[in-house]
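*Asks:* What follows is the residue order along each chain.
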Amino acid sequence: MTTTVANVATRPLNQRTAISLKSVSVLYPGHCQALSDISLEISEGEFVFIVGASGAGKSTLLKLLTHEEVCTSGTVIVEGFTVSGMTHSQIPALRRRVGVVYQNFGLLPDRTVYENVAFAMRVTGAGRRDVVRRIPEVLELVGLQSRPDAFPGQLSGGEQQRVAIARALVNRPKLLLADEPTGNLDPETSLGIVDLLHDINATGATVLVATHDVAIVDKSERRVLEFADGVLVRDEACGRYGRVALETCEEQA
Amino acid sequence: MNINSVGFLLHEGWLNIRRHLWMSLAALATVAVTLMVLGGTTWTAYRIHEIVAQEPEQFNVIDVFMKPATSRQDTLAVQTALKANPLVRGVTLTTKEQAWAKLGSSDPTLTTALQDNPLMDRLQVQARSSNKVAQLAHWLKTQKQFPEIMQVNDADYEVGVLVGFAAIVRNIGLAVALALAAATLLIVYNTIRLTVYSRRREIQIMKLVGATPWFIRCPLIFEGLFHGICGSVIASIALLIAAAQVSRFTETLHSPLIAHAASAIGPVQVFTFLGITGALVGLAGSILAIHRFVRL
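First to last, the sequence lines map onto chains A and B.
For the first sequence, the numbering used here gives the first residue as 1, with consecutive numbering after it.
For the second sequence, the numbering used here gives the first residue as 254, with consecutive numbering after it.
Treat the hints with care, since some could be wrong.
What the hints assert, rightly or not - For each label pair, taking beta carbons as the anchor points, the in silico distance ranges come out as: (1) Ile540/B with Arg128/A: 26 to 32 Å; (2) Leu431/B with Gly153/A: 45 to 51 Å; (3) Leu439/B with Asp199/A: 48 to 54 Å.
What the hints assert, rightly or not - Derived coverage of chain A by chain B (criterion: at least 3 residues anywhere in the stretch with Cβ under 8 Å from a Cβ of chain B; other residues may be distant): (4) 100-108; (5) 116-123.
Note that these hints are calculated values from the structure, not bench results.
Positions of the beta carbon are idealized from the N, C-alpha and C atoms, including for glycine.
The whole structure should be built from the sequences, with the hints applied where relevant.
*Replies:* What follows is the structure, encoded as C-alpha cells:
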C-alpha cells in the first residue's frame, strides 16, 4: 500500500525537527496493520491536528511518540531521542520532554487540583520548593488559580481537562500530545480548551492534537494530518477536518 | 533521589497502607505470627544448646533420690558408703525437710495445700571427672547393696532429654515457620498486588510523566518492608515478654541446669534477627508482586 499525501506541509528551513517518522509501520498481533509506512516531520513550535475515523491510527501514532507502543519497522525520532530501539532506562528521559493529555482526563480523584499537578512534579524528583514555585504559575496558565483545593469531582469537565493540561505542562515539556482532549466536552468548552492549547503553542511548545472534533479543527486552520486505515492520506499545512480547496488556505497565508 | 524525594516516597507508601488498612493489618499479623513461631522455636533450641554447652561441671553431679520411707540414719550410711568410691569426689545431702523449706519459701501456696511433705532425701554425688559420670551413674543404677535408693538421675540422661527436646522443637518449629513464611510471602504479595491495582492510575501517571522505574517501585517496596519490619517488632516484643515469663517459671523449678545458664541472646539479638528476617520476607513479597504486576 502506498501513502497518498494530498499536500505535504512545508516548514521554514531554520526550524528544528521535533518529530520525525521514517517509513514507520506498526503491526499488531493477528496481522492487524495499525500504521503503514508512515513518513512525516513536525517542526518545533508547530500546532498539528491528527484526524481520521476511529481505528485509523491516530492514537497509535501518539503512543509511538511516548514509547507506549513500539513500531514494527522504521525510525521514530522525538525531541532528539530515537524512540524506536530505545532501552527501558532511556524512556523516562523521553517522557519528561513530552506532556500527554487524554480524553478521560486521568486525574486522581482523591487528590486536589494542586496535589494532582504536584504529583507529576514530585514523581520526577522535583523538590518541594520547586513545586511551590511552579504550580501557581501553571494553574494560572490554565485559568485554575482560584481552585487549587478543589477535588476533580467538584470540577466541570472543562476544568478537569484544564487540570490534566496543567499536569502535562508542569514539567515544562517541549512537546504536548492531546488524544481527543475535547471528546467529553460540550462545543463551547471544547473551544476554550483549544484556545488554551493555542496559548501553550504560542509559548513555543509543539502541540499535537488527535481529534474527531470538526469545529475545533476548522476554526483553528492549522496543519492537519489525516489518517485512514493506518495510512497517512493527507498532510495540509493549513487544513480543515475534511478536504477543501487549497486556495482558501493560501489566500489566508 | 534526594531527601525530599525520600520523604515523598515514604508518604506515598503510607498512603498505600492506609488505603487498604484491613489487608495491611492481615499482612502485618501474619508476619508477626510467623516470626513469633520462627523466633520462639529457634530461641528455645538455641537456649537448650547453650545450657548443654555450659561449663560441664554442673553435669558432673548425679542426683540420687532415696525412697521416702528411708530413715535419716540409712541415708547417712549410704552417703558414707558412696564417699568411699574412688570415682566420687564428694556427696552432699539435701534432706527432705530442707527441700520442703526451700519449696515453701518459693511457693508457699504449694506447701500449704499439700500439708504433708512428699519429698525425698537427695544425695548429690559429684563425680571426680566429667568423663566418669556415665560410669558412676551406671554403677549406681545397677548395684544391689543400697536398696534404699529409689532413682538415679545423671546429667547424661538430662542432657539427652534436653538435646532431644531441642531437636524436636527446632525441627517442628522450622517446618511450621517455613510453612508460615510461605503463607506470609503470599499475603504480602497479595497486599502489594492490591496496592498495584488501587494505584494503577498513579502508576500510569508516573510512567507517563517520566518517573524512573525505581521511583515507581519504591512506595511498593516500602509497603512490603513496613509489613515485615512492623510484624517483626510485634513478634520481638511478644517473644521477649514470653521469654521473661518462662524465665520466671524456670526459676521456680530451682533446676541446677537452667537457673545458672547465662544466655548470649538478649533484646538486641531478638530485634535484629527477627527484624532482618521480617524485612527479607516483606521485601521478597513486594519484589515478587512488582515483578509480576507492574509493567514498567
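*Asks:* Each hint: holds or not?
*Replies:* Hints and how they fare:
no., hint, verdict
1, Ile540/B with Arg128/A: 26 to 32 Å, "holds (29 Å)"
2, Leu431/B with Gly153/A: 45 to 51 Å, "holds (48 Å)"
3, Leu439/B with Asp199/A: 48 to 54 Å, "holds (52 Å)"
4, 100-108, "holds (count 3)"
5, 116-123, "holds (count 4)"
This entry satisfies every hint, going by the numbered hints stated previously.
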